[in-house]
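One line per chain: the protein sequences are A, B and C, in this order.
The numbers in my numbering rise by one with no breaks, and the one at position 287 of the first sequence is 287.
The numbers in my numbering rise by one with no breaks, and the one at position 60 of the second sequence is 60.
The numbers in my numbering rise by one with no breaks, and the one at position 176 of the third sequence is 176.
Hints were generated in silico from the structure; no laboratory data involved.
No experiment lies behind these values; they were computed from the predicted model shown.
Built from N, CA and C at the ideal position, the CB exists for glycine as well.
Certain hints may be false.
As the list claims (entries may be wrong) - Under 8 Å between C-beta atoms, here's a sample of chain B residues computed to sit facing chain A:
id	residue
1	THR115
2	GLY222
3	PHE227
4	ARG244
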Amino acid sequence: MTREASQGVQVTALHVVSAAGTIVQPLDFSVDAGKTLAVIGESGSGKSMTARALTGLLPRGVRALGEARIGDHTYSLAAPTPAGSWRNVRGRKAALLLQDPFTSLSYVLRCGDQIAHGVRARLAAEGVLPQRATVEAEVERRLDEVRLPADIARRYPSELSGGMRQRVAIAAALAAEPRLLIADEPTTALDASTQGEVLDLLRELQRAHHMSMILISHDLGIVEGRADEVLVMRAGEVVERGDIRGVLRNAQHPYTQQLIDANPSVNDVSPPAPAARSVLLAAQGLSKSFGDRPALTDATIEVAAGEVLGIVGESGSGKSTLARVIAGLEIPDAGTVTLAGRALPPGRRHRKPGEIQIVFQDPYSTLNPSFTIAQTLKEAINTSAERDRTPADLLQLVDLDPHLASRRPSQLSGGQRQRVAIARALAPNPQVLICDESVSALDVSVQAQILDLLARLRDELGLAMLFITHDLGVVARIANRVVVLRDGQIVERGTTEKVLRSPAHEYTKMLVAAAERDSITRGATTDVTTRLEEPHA
Amino acid sequence: MAESGTRRTRARSRLARVVVLRLASVLLILLALSFLTFTLLYLAPGDLVKNLLGNRPSSPAAIAAVRAQYHLDDPFLVRYLDWLFSALRGDLGVSIRMQQPVADVIASRLGVTLTLIAFSFVLALLAAIPLGILSAARSGSVVDRAASGLSLLGLSAPSFVLAILGITVLAIWLPVFPAYGAGGNGLDRLWHLFLPSAVLAAGIAAILMRITRASVLRELEGDAITFARARGLSERVVLSIALRSALIPIVTSAGLILTFIISGTIIVETVFALPGLGQLLQQSVLFKDLPVVQAITLLVAAMIGLITIVVDLSYLALDPRVRARDSAA
Amino acid sequence: MSLPAEDLSLATQVHPIGRRRPAWLVTASAVFLLLVLVTAVASPLLLDAATRQSILDSLLPPGSDGHLLGTDELGRDVLLLTIAGTGSAIIGPLAIALGSMLLAIVFGTMAGYLRGPVDWVIGRLVDTLLSLPVMLVAIVVAGIFGAGYWVTVAMLIVLFAPSDIRIVRAGVTEQAPRPYVEAAQMLSLSPARIMYRHIVPNIWPLAFTNFMLNFAIALVTLSSLSFLGIGVAPGTPDWGRQITDGRGIVGDNPAMLIVPALLIILVAMATNILGDHFGERLRERGIQ
Numbered sequence: 001m002t003r004e005a006s007q008g009v010q011v012t013a014l015h016v017v018s019a020a021g022t023i024v025q026p027l028d029f030s031v032d033a034g035k036t037l038a039v040i041g042e043s044g045s046g047k048s049m050t051a052r053a054l055t056g057l058l059p060r061g062v063r064a065l066g067e068a069r070i071g072d073h074t075y076s077l078a079a080p081t082p083a084g085s086w087r088n089v090r091g092r093k094a095a096l097l098l099q100d101p102f103t104s105l106s107y108v109l110r111c112g113d114q115i116a117h118g119v120r121a122r123l124a125a126e127g128v129l130p131q132r133a134t135v136e137a138e139v140e141r142r143l144d145e146v147r148l149p150a151d152i153a154r155r156y157p158s159e160l161s162g163g164m165r166q167r168v169a170i171a172a173a174l175a176a177e178p179r180l181l182i183a184d185e186p187t188t189a190l191d192a193s194t195q196g197e198v199l200d201l202l203r204e205l206q207r208a209h210h211m212s213m214i215l216i217s218h219d220l221g222i223v224e225g226r227a228d229e230v231l232v233m234r235a236g237e238v239v240e241r242g243d244i245r246g247v248l249r250n251a252q253h254p255y256t257q258q259l260i261d262a263n264p265s266v267n268d269v270s271p272p273a274p275a276a277r278s279v280l281l282a283a284q285g286l287s288k289s290f291g292d293r294p295a296l297t298d299a300t301i302e303v304a305a306g307e308v309l310g311i312v313g314e315s316g317s318g319k320s321t322l323a324r325v326i327a328g329l330e331i332p333d334a335g336t337v338t339l340a341g342r343a344l345p346p347g348r349r350h351r352k353p354g355e356i357q358i359v360f361q362d363p364y365s366t367l368n369p370s371f372t373i374a375q376t377l378k379e380a381i382n383t384s385a386e387r388d389r390t391p392a393d394l395l396q397l398v399d400l401d402p403h404l405a406s407r408r409p410s411q412l413s414g415g416q417r418q419r420v421a422i423a424r425a426l427a428p429n430p431q432v433l434i435c436d437e438s439v440s441a442l443d444v445s446v447q448a449q450i451l452d453l454l455a456r457l458r459d460e461l462g463l464a465m466l467f468i469t470h471d472l473g474v475v476a477r478i479a480n481r482v483v484v485l486r487d488g489q490i491v492e493r494g495t496t497e498k499v500l501r502s503p504a505h506e507y508t509k510m511l512v513a514a515a516e517r518d519s520i521t522r523g524a525t526t527d528v529t530t531r532l533e534e535p536h537a
Numbered sequence: 001m002a003e004s005g006t007r008r009t010r011a012r013s014r015l016a017r018v019v020v021l022r023l024a025s026v027l028l029i030l031l032a033l034s035f036l037t038f039t040l041l042y043l044a045p046g047d048l049v050k051n052l053l054g055n056r057p058s059s060p061a062a063i064a065a066v067r068a069q070y071h072l073d074d075p076f077l078v079r080y081l082d083w084l085f086s087a088l089r090g091d092l093g094v095s096i097r098m099q100q101p102v103a104d105v106i107a108s109r110l111g112v113t114l115t116l117i118a119f120s121f122v123l124a125l126l127a128a129i130p131l132g133i134l135s136a137a138r139s140g141s142v143v144d145r146a147a148s149g150l151s152l153l154g155l156s157a158p159s160f161v162l163a164i165l166g167i168t169v170l171a172i173w174l175p176v177f178p179a180y181g182a183g184g185n186g187l188d189r190l191w192h193l194f195l196p197s198a199v200l201a202a203g204i205a206a207i208l209m210r211i212t213r214a215s216v217l218r219e220l221e222g223d224a225i226t227f228a229r230a231r232g233l234s235e236r237v238v239l240s241i242a243l244r245s246a247l248i249p250i251v252t253s254a255g256l257i258l259t260f261i262i263s264g265t266i267i268v269e270t271v272f273a274l275p276g277l278g279q280l281l282q283q284s285v286l287f288k289d290l291p292v293v294q295a296i297t298l299l300v301a302a303m304i305g306l307i308t309i310v311v312d313l314s315y316l317a318l319d320p321r322v323r324a325r326d327s328a329a
Numbered sequence: 001m002s003l004p005a006e007d008l009s010l011a012t013q014v015h016p017i018g019r020r021r022p023a024w025l026v027t028a029s030a031v032f033l034l035l036v037l038v039t040a041v042a043s044p045l046l047l048d049a050a051t052r053q054s055i056l057d058s059l060l061p062p063g064s065d066g067h068l069l070g071t072d073e074l075g076r077d078v079l080l081l082t083i084a085g086t087g088s089a090i091i092g093p094l095a096i097a098l099g100s101m102l103l104a105i106v107f108g109t110m111a112g113y114l115r116g117p118v119d120w121v122i123g124r125l126v127d128t129l130l131s132l133p134v135m136l137v138a139i140v141v142a143g144i145f146g147a148g149y150w151v152t153v154a155m156l157i158v159l160f161a162p163s164d165i166r167i168v169r170a171g172v173t174e175q176a177p178r179p180y181v182e183a184a185q186m187l188s189l190s191p192a193r194i195m196y197r198h199i200v201p202n203i204w205p206l207a208f209t210n211f212m213l214n215f216a217i218a219l220v221t222l223s224s225l226s227f228l229g230i231g232v233a234p235g236t237p238d239w240g241r242q243i244t245d246g247r248g249i250v251g252d253n254p255a256m257l258i259v260p261a262l263l264i265i266l267v268a269m270a271t272n273i274l275g276d277h278f279g280e281r282l283r284e285r286g287i288q
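Given the sequences, and given the hints that come with them, work out the whole structure.
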């Protein structure tokens, strides 16, 4: 065994079960010291449970079996959870970094104190009496390592942005100096531009501390260049494994290929530039502030029938506000919205369902849980002029089995629920359909299907569509024209081809660069750390 | 650095504005209550003057004196404002039943009631919070189940039943505690008040224990605790982190509970024959001694208003998120 | 609203993620409550028999011939008196819990969904009513104006409603920003329809658990008031009254005091057990 392997991690027969059945089939893997293993899967693949099993942090009612070795310490994964044996594993051997930085840090403690806890725990385990000065000095060092200034120690997590909070969490996790760092979707809750930075940081730190790292994600694109090996999981089983470059270039299993294809790349711009058509929906000079915070400033856009306008921006850019103002769910402070030449009143009071409809982001709360699908759709049908359609007709329109009509939302998957939401939105025959991050909460493979459905509906029904998203890959796939928002203002606009291939504004260039880096290039890639070692241009 | 300085002063002034607004709304409520309480006098059935005379003979001279004393010939609003300002100055009128200034009558009873309330509150806290934390930390164990059973009993037994039971068992059958009265001063007073306070504390402790348990359990199952464990922090440290955030709803509920205690003192004082405000209220209502009733109602409302403000301020002090949100709003 | 309502709801949250309560306990509680309810409804039939006085049979101890629980000083049979008192002890609290829930659903939903001035007015009213302890108001109002049974019940409905309104309002404000509500707005449905057809069905679990808790509290409160002599005419069978009367004759016939006291505790316990059970079940389903 090489030195790297003996210092690394070896997992044997890891098996996770619950009362409902097997969550993760028995699997083996190993991660050498200084290497990163990416575990890729969609929801329900068992990737998170695998991570939790290694640290004995499974939820109630879920048990693990198997054995793991980290460095020279071997332990059983089946040990009951609050027990002494896990004390030797958590922290010193393996640390888990969670997905949501908004909940993983305690909100009542200052950032410095939270990192200090980890420092003191490590010193105590080493038998050293923690001195206040030593601890403070180390906290400062840890913060510096994650590129945060020392005064962050005195702040509370609620005062920091998502990216900064995740860096604090990383510092806190590393304070234990683990041999293995498990990062469970560490950037899913962050903006696209921040995602890349945090992942690069993790890769650097991993190399610097010579740790093993397991990086869990649903996104093949962002782990490319940041991992050495990959494990692809689906429904609790490993379907493919190997060197990451090899797998991406030449996937063996059809599921892996499906994931690669479905991964929206900013490089494949598919929809054509639109033919000249008359404008259907126009917004002029829209502005909206919440308190003294301006969310939208002087926004002006136009959409024609049969055309998709992509509205792109990060969180806080105002893209959702723009959509909601146009839909009438928010009242603007200034500006007008016209549909087919007629001015629309602000707010919902005098609007009609046949004008504009909207498909929301979260499929799990977009349908009323106490209504059956049929009830939801019937109610929508009754608001339109054409009352002779049935829920079954609508379900067929969105490629769903009409038998689903008698079910309740809790019996449907996320993708199915979103299709029902689309059907509901189409029931009143709207002229404009707004999709507010409608695919962002869906698994990658489902995303692609929904996008295809929307594209088909656009062509068949001649809808004008506003597509709001933060994901440039999605824009590339569905939008004819694009508008880029930043801090409430439109900074660039044009055809998708032009904006993505040759962006003019600095901000757009930055977004496109980040998206390119986080897309699967399907060619030779260089590792992030090598790239970072090169002198900056 | 200058920028963070101005940010801090701006945040502080916004916070101050929030505090002032809270105070103002509480004062507004008190004002409304004082008005309602005052109108009580005039809505009571029966002849007003006869009520105000009580047991005294109703000679024309006496009637005229009463009319003058209560300014019955002045318009309603003037009478209300006069009453209000007198109350603020400490003059709460004269008790019809006892023919003494109401302020004196209340002052002589206040001590017993306040001691009872404080004693019950402390007993409830001492019983409920450690038990709640223990139940949450050892959820599912025998301790947890026993504590839940106890709390169920405490919630289900009315104070007067517990009081009677308490007296029968612990004062009559086994003469441990005195059966009635408030005793002398100092330790004798506490000895007399122990049983009543324990009875009152039982129901309160039951609610408080449940809230504590739910709050601590919610924290222990949350992401922040999972992450703390995942970094190798000891269970002791983990529990202390959980308690820090669990504290907030416990503290704010403790304030709410104080109002329940005030309700309970009326019953307990009656059963244990304690010369406190609760018993005074009972008797005054029976006798239709309206000035006393008005004064006690106003006093209680003021106390509760004060508690509400203290609770809100404690919330601001304990939860950094609220401070950030209110100062950014 | 002064207190954050999430914390108020903690008081109704009993065992968020706990262990199983023994199933027999839940079933036994349900059966017991059903029996009590049936007795309560049928109790007026026993009124004559229960209030029959007989000086000869005064203060008979329990186990006497023809009087299982003995008699009081007026010669009334304690067992019959207790059974006849079920109605007064149970129907009132049921009405209070129902009435309060109804008011809460109507006004709490309006406050939580419509916001703005409606919310402000309802909020001020709620804050004002919550500033006074229930017992104090009940005693003062009932004592000064004299109050019969149903007037007392009506008054307690008004006094219980504010905290329920807050709880419902909190539930509604949690649902209102959700996409399914906004989708209903996009369909230009009327606010009333959205409030009562779309949102309220999703806060039923909350309302129901609260209803059970309220019933238990109302039981305790009403019996405490009747113990003090308020709300119940002297001579009518009522558990609280019975306890007051029983106190005087505890030496001769303790059953007069103990039996109704025990029944109050048992009914309250059974209600709490059922309420907790449903609360947990509905919360588990909500987590899905």
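Evaluation of the provided hints:
The restraint placing THR115(B) at the interface with chain A is violated, with a minimum CB-CB distance near 34 Å, outside the 8 Å limit. Contact between GLY222(B) and chain A, as hinted, is supported at the beta carbon level, the nearest pair being about 7 Å apart and thus within 8 Å. With a least beta-carbon distance of about 4 Å to chain A, the hint placing PHE227(B) at the interface is held under the 8 Å criterion. With a cut of 8 Å, the hint placing ARG244(B) at the interface with chain A holds, because the nearest CB-to-CB distance is about 5 Å.
Hint compliance for this structure: hint 1 is the single one not met.
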